[in-house]
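With the hints as a guide, bring the two chains together.
Next come the chains, spelled out residue by residue.
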Amino acid sequence: MGLVGGELERRLEEILGAFCGKRSELIPILQRIQNEFGYLPEDALVKVSRFIGVPEAHVYGVASFYEQLRLRQLGKNIITICRGTSCYVCGSSKLIDEAKSVLGIDEGETTPDLKWTLETVTCLGMCAHAPCAIVNGKVYGKMTPKKLVSIIRAVEGGRRS
Amino acid sequence: MMHPISGADLKRHRYQGCCQMGSKFKVLICQGTSGLSGGAHIVAEALRKKLHESGLADKCEIKRVGDRGLFRDVLIDIISPDGKRWTYERVSVEDVTEIVESHLVKGEPVKRLLAGDDYRRFFEGQLRWVLRNCGEIDPEDINDYISVGGYEALRKALTEMTPEDVINEVVESGLRGRGGAGFPTGIKWRICRGHEAPARYVICNADEGDPGAFMDRSILEGDPHSVIEGLIIAGYAIGASKGFIYCRAEYPLAIRRLKVALQQAREMGFIGEDILGSGFSFDIALKEGAGAFVCGEETALIASIEGKRGMPRPRPPFPAEKGLWGMPTIINNVETLANVPRIILNGAKWFSSVGTDRSKGTKVFALAGKVKNTGLVEVPMGVTLRQLIFGPGGGMARKGYAFKAVQIGGPSGGCLPEELLDTPIDYESLTQVGAIMGSGGLIVLDEGTCMVDAAKFFLSFTSAESCGKCIPCRVGLVRLYEVLDRITKGEGREGDIEFLERMGNAVRETSLCGLGKTALNPVLTTVRYFRDEYEAHIKHGRCPAGVCVPLLRFEVDEGKCVKCGRCARVCPVGAIAWQRGSFPVINKDACIKCRACIIECPEHAIN
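Chains as they are written, first to last, in the numbering used here: chain V, 1 to 161; chain W, 162 to 768.
The shape of chain W in the complex, shown without the other chains (with noise of 0.2 Å):
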């Protein structure tokens, strides 16, 4: 049981935090979803025995901390008492006796187990503001966050600073929305504020439902008490009494980490009644979403909360002005959020200095896809794809596949080639090109996709969780799934392209909310972008990218052919005779299209 703390507390608190640092070596240990399923807790088990047997539970202390963001299955860092840091990535079982009695014991580090290029080049050129603690602290511990100056951008707010300050300094700093549309946090809280009422709302969407994205995931895991912070003082600002966090049910860890933070963030006082001595109120509940991708949209999200079918209204009335319950209500994502007490604490200039003109600060992105280094990384506003991609991101996975396109801004985003890799990542450049910001998933794709099927993929899953409300959308998304489905099968006609550029425009123009407006993207942008490959669908039958299995002859090209045998090696039926030296034979009769042949195949020379 913690005790509540006073302002003063806070800074006392702090610094018996920092003295306890120092006198033992820190074993850090990356335990959220993805350490997880990677066996971090089995491996930290394995740890915790062997610093017992070997006498070193006294002078190691194993620390759980969130994931950082690169993906290495288990990843354990060593940090000795002088502040000498050590990484070890894939660590299993089998290699803690090895990293114990090397490492610990005799001080000699476990070369073959260090992290390697990849893994400095993924965080280099990053800018880690909101992910600062994500595996560096744990997120169950309070006092480990408060150590490192959580809340005392609340302490500095509730005692310093007026309300309207507070808005000032957020709309100074230019920060915008992360979650998709890219509203000005501050504007949106300052309307709110606005509006005379009986009660106001605040709420953090942590509803994170866009496919390829993961950064509010890895921050709730990770730094959950940088979320609450940012969403007292939001509450703060606003003058709300009483805030939400919606978070989606698919996130059981995340849920578990929030309840955590939430009841020692009450013990210490930074939720309840008269907050530090401040005489401001604020309490925070948790709500679990229950799986509706349209929930994300915050109409619909409230209308969620109220115990209703998550269905999107028209807009204005905006949720700053008549919001849940019919209250003023903000709505702010996960990340805007985590970014708020940094901007309190140093300043809206500070924020600021770094981003382009209209966007500030950094943004985090979801990399994943064909690329070699997946994972979240944490960049200025402004840097160009490329960089991204080739830089933290390491380039293409696959030897022999280049890069295609970049898909960025979830399913509701665009597809962009390779001409537009130097577009800087900023909300108005991106919706130059057809693109959008989204939550900041960033899929790669290369040689080995189809774009034709990746627009119908993006769309069954926008027509699925369409709530059906509006017709445009409802019906719209559809019609443009079935004429694409139909390209796929090799039934294109001609006019379907048309067909497909009139029909998005005018379920883009007419659909109530952003998922009607931005579903379209992927299909207009891959129409923009690839429309030889559209074409090639359509006029020839050919999908050049060997994925759509109607129109494959299974047939080898002997010009790109080298006689590997690859490909009869890897046919799960035998339907590939092949002899050393000589072309394969694809028994067409026998094959069953499973495309084994085409994926392994490293000339692309079967289609």
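Isolated chain V, as found in the complex (with noise of 0.2 Å):
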């Protein structure tokens, strides 16, 4: 899982090169660091505000800012559970009450075993589908508890096989 200091700094390097330097390139910059490492590890933040020349105290105000910027490591997968209007009015709050249920992890947590992170968002715009849930990238309309349910043991006894 962590990244040997050597490691890290090499693919901070290789990302970094691709920029140069502005202050206006420092959230793209965040976003591109964060699909290489699934976040954004803290020494990563300190070379960022360095490359910029902007306060580290900074860049961490923007990190924290973002919804889709994290700065804690996400597990194998990904449950994304839609509380917009629509999905609210269908329902989605009992998907998220089962999702916990079943992980044991509350909004916005990951198992202890990284095997799952369980988010929720503000609106996916497939509101005529609600509600609706991604796992693992594909979305899935008009979601049921049990549908949820079924979801997470295939994918957890596909990786027992």
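Think of the hints as simulated: they come from the structure by calculation, not from any bench. Be aware that a few hints might be false.
Straight-line Cα separation of at most 30 Å, BS3-like style, residue types lysine-lysine; simulated pairs [unchecked claim]:
hint, chain 1, residue 1, chain 2, residue 2
1, V, K138, W, K210
2, W, K210, W, K272
3, V, K100, W, K749
4, W, K420, V, K76
5, V, K142, W, K224
6, V, K22, W, K630
7, V, K146, W, K724
8, W, K187, W, K211
9, V, K94, W, K749
10, W, K483, V, K22
11, W, K533, V, K147
12, W, K754, V, K147
13, W, K185, W, K220
14, V, K94, W, K724
15, V, K47, W, K630
16, W, K448, V, K138
17, W, K754, V, K100
18, W, K754, V, K146
19, W, K560, V, K94
20, W, K448, V, K76
21, V, K22, W, K420
22, W, K650, W, K560
23, V, K47, W, K448
24, W, K448, V, K22
25, V, K146, W, K650
26, W, K650, V, K94
27, W, K533, V, K142
28, W, K272, V, K142
29, W, K700, V, K94
30, W, K469, V, K22
31, W, K403, V, K22
32, W, K749, V, K147
33, W, K721, V, K94
34, W, K754, V, K142
35, W, K533, V, K146
So this is what it looks like as structure tokens:
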């Protein structure tokens, strides 16, 4: 899991090499780093702050402001449940409760074995298919708690075999 | 690789595109986010394979198109060489063989899959100007866009009109911002052009963050070039040489198609140096948002592009005067820009012939919630909410659940009751009744929705999305949320309603940006129109809609019960005892208060 200092350094250099160090590049840089590592390691934030010449506090401020950017490592599998208006009306809170109880974690948390992360988003724009959820990148519409559990089981089963 | 094109070439190019039609069957498959989640790409692949096997590959052209706005899983259109058209809905992989063998080989359409009355009704009464190409052209092929008149408006603007002409045309058309506030677009452009500066910028706001709104996503996925063309024209009008599209990261398909479209537009010479030989140069950069609702607010969006936390700043100065990097900047929403090419092509008069006195043209609404047909509906400004919900919307979704309210304008909009269904949809009328046009989200709520709980839900969203810069919004929304939360838990107190009104108005009047100024609308409108429901919670400890669990007794109202036993069958823990011909009995010790019985009961007999 954890990256050894040298390896992190090398991959960071590579990413930063594609940018010229302007302040307006901060968010795209953070997005690229997250794409690479799945989250924003603390050391990377320090390096970015030097690269574009702004205080570490500024980089941290931006990284913690945007919902997409994460400061902690994610699970191997990710469930994202929409809590937008339409999904709410159509029962997304039940999906969230079910996922919480099945995985034993709260919204925004990752299981200790780093297998699952449960997230909610404000709206996926899939309102006509409410309630909807994304499991490992695949979008499911008209989701039910039952369907969600069977998808979770299928993913877990699939990995064992 | 495509080659740059001149104005004259554009016409020839279009002509060639038209000539290619007519010799083959065309099969259109809707592949936006919705279609793809229904498996459209799998169906497309199966179809391609089947056509190949049947030796029909040369006679049929499969075309990827965007979503059409009504979601029917996989939608397929077959257009015969003589222009006749059939629409199939909910097509699965298993249906592919039948469609090919029956329709394409024998010429007999597969009746059981043809789109039904709901489909027809949904599109009747719509006036599709902005969505005209969605579901009709391949969004990843610029030639397809050109063949339906694309980039003709750009050619006209650049070669036949001065920037002032363009601005005047847009001013006269009466086009107003479709992103929420409804500021006249042309006036904004004029103000921006009037400020002397070393650089000016134009930004397309594609940070569609309102839960319940997805028209911008569909336009970007189905017809990205119309937005790009509008943006280039805007750039020409205000004298900008650089434009940005700020798209939220939650829309990966829209971003991908925008990238493809920008690349193609660049190769054809619609973006870049000396566009169409006019001497005008313009470039567009795509910026991905990073997940912050408040970035839909224009000054916050600018801060985000500059690489800062997306926090709004006080206006004035407005961005048209001092915007991105301190330069005059205009920010227009996706739908607004998609309107621009047609206004330039057909003229201001054509555009302003539709709509009301002060709201011209059409508006796309995202119909969702407890309505039968959910999807995107484009109608002339001025139609009533009733016409929309019971026309294209097809009325209520659930049997036995009547209409209760419609939430219009996103989380910052208002909840309007049945009595106001005849309100015409235009900027002024909606503001008058306490709602807003917003981005055009329209969520229908039925009797099964508790209005206090709904208000709480909207506030939980806006308070979480508050950026925290100004105190009224940061603290006020949380205080309001706490009171609503108490009420839904049965701990409401005398004076709570008055507090909500007082605090609501205070937050509205003192917040820095539009988020705080409008976040109160759901609370204030539900208090205004559904006061009795608040009172039932506070004074009588009752939730009339049967939603707020702490207030529910889980008892069967024998006056309403028809002894059907559905509650007993649906109970997940077997807590309901029922025998044919008798009233069900709920064992309260075993009950887990999941509300499954309440939702299932056709007579609303459990509370």
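Consistency of the hints with the structure:
Restraint check for K138(V) and K210(W): the C-alpha separation of about 24 Å stays at or below 30 Å, so the hint holds. For the suggested pair K210(W) and K272(W), the alpha carbons sit about 23 Å apart, so the restraint of at most 30 Å is met. Using a Cα cut-off of 30 Å, the hinted pair K100(V) and K749(W) holds, with the two alpha carbons roughly 25 Å apart. For the hint pairing K420(W) with K76(V), the CA-to-CA distance comes to about 29 Å; that is within 30 Å, so the pair holds.
Taking the CA atoms of K142(V) and K224(W), the gap is about 27 Å. The hint holds against a cut of 30 Å. Of the pairs offered as hints, the one joining K22(V) and K630(W) holds, with about 25 Å between alpha carbons and a cut-off of 30 Å not exceeded. With a C-alpha separation of about 27 Å, the suggested pair K146(V) and K724(W) falls inside the 30 Å cut-off, and the hint holds. Distance check on the hinted pair: K187(W) and K211(W) sit about 15 Å apart at the alpha-carbon level, within 30 Å; holds.
The hinted pair formed by K94(V) and K749(W) meets the criterion: a straight-line CA distance of about 21 Å does not exceed 30 Å. A threshold of 30 Å between alpha carbons decides the hint, and for K483(W) with K22(V) the separation of about 21 Å falls inside it, so the pair holds. Between K533(W) and K147(V), the direct Cα distance comes to roughly 23 Å. Compliance with the 30 Å bound is thereby established for this hinted pair. A C-alpha spacing of about 21 Å is found between K754(W) and K147(V), which places the hinted pair at or below 30 Å, so the restraint holds.
Under the criterion of a C-alpha separation no larger than 30 Å, the hint pairing K185(W) with K220(W) is consistent with the structure, at around 5 Å. Note on K94(V) and K724(W): the hinted pairing holds, with a Cα-Cα distance of about 27 Å set against a maximum of 30 Å. With a CA separation close to 28 Å, the supplied pair K47(V) and K630(W) stays within the 30 Å bound. The straight-line distance between the Cα atoms of K448(W) and K138(V) is roughly 24 Å, inside the 30 Å bound, and the hint therefore holds.
Between the alpha carbons of K754(W) and K100(V) the distance comes to roughly 17 Å, so the proposed pair stays at or under 30 Å and holds. A threshold of 30 Å between alpha carbons decides the hint, and for K754(W) with K146(V) the separation of about 18 Å falls inside it, so the pair holds. This hinted pair checks out: K560(W) and K94(V) have alpha carbons roughly 22 Å apart, not beyond 30 Å. Straight-line distance between C-alpha atoms of K448(W) and K76(V) comes to about 28 Å, which keeps the hinted pair within the 30 Å bound.
Straight-line distance between C-alpha atoms of K22(V) and K420(W) comes to about 22 Å, which keeps the hinted pair within the 30 Å bound. The straight-line distance between the Cα atoms of K650(W) and K560(W) is roughly 29 Å, inside the 30 Å bound, and the hint therefore holds. Between K47(V) and K448(W) the CA atoms are separated by roughly 23 Å; this keeps the pair inside 30 Å, and the hint holds. Restraint check for K448(W) and K22(V): the C-alpha separation of about 15 Å stays at or below 30 Å, so the hint holds.
As the CA atoms of K146(V) and K650(W) are separated by approximately 27 Å, the hinted pair is consistent with the 30 Å bound. Between the alpha carbons of K650(W) and K94(V) the distance comes to roughly 18 Å, so the proposed pair stays at or under 30 Å and holds. For the hint linking K533(W) to K142(V), the alpha-carbon distance of about 14 Å falls within 30 Å, and the restraint holds. Straight-line distance between C-alpha atoms of K272(W) and K142(V) comes to about 26 Å, which keeps the hinted pair within the 30 Å bound.
At roughly 28 Å between alpha-carbon atoms, K700(W) and K94(V) fall within 30 Å of each other, so this suggested pair holds. Straight-line distance between C-alpha atoms of K469(W) and K22(V) comes to about 12 Å, which keeps the hinted pair within the 30 Å bound. Distance restraint check for K403(W) and K22(V): the Cα-Cα separation of roughly 17 Å lies within the 30 Å cut-off, and the hinted pair is therefore satisfied. Distance restraint check for K749(W) and K147(V): the Cα-Cα separation of roughly 28 Å lies within the 30 Å cut-off, and the hinted pair is therefore satisfied.
A hinted pair counts as satisfied when its Cα atoms are at most 30 Å apart, and K721(W) with K94(V) qualifies at roughly 27 Å. Distance hint between K754(W) and K142(V) is fulfilled; the C-alpha atoms sit about 23 Å from each other, no more than 30 Å. For a cut-off of 30 Å, the pair hint linking K533(W) to K146(V) stands: about 24 Å separates their Cα positions.
When the structure is compared with the earlier hints, no violation turns up for any of them.
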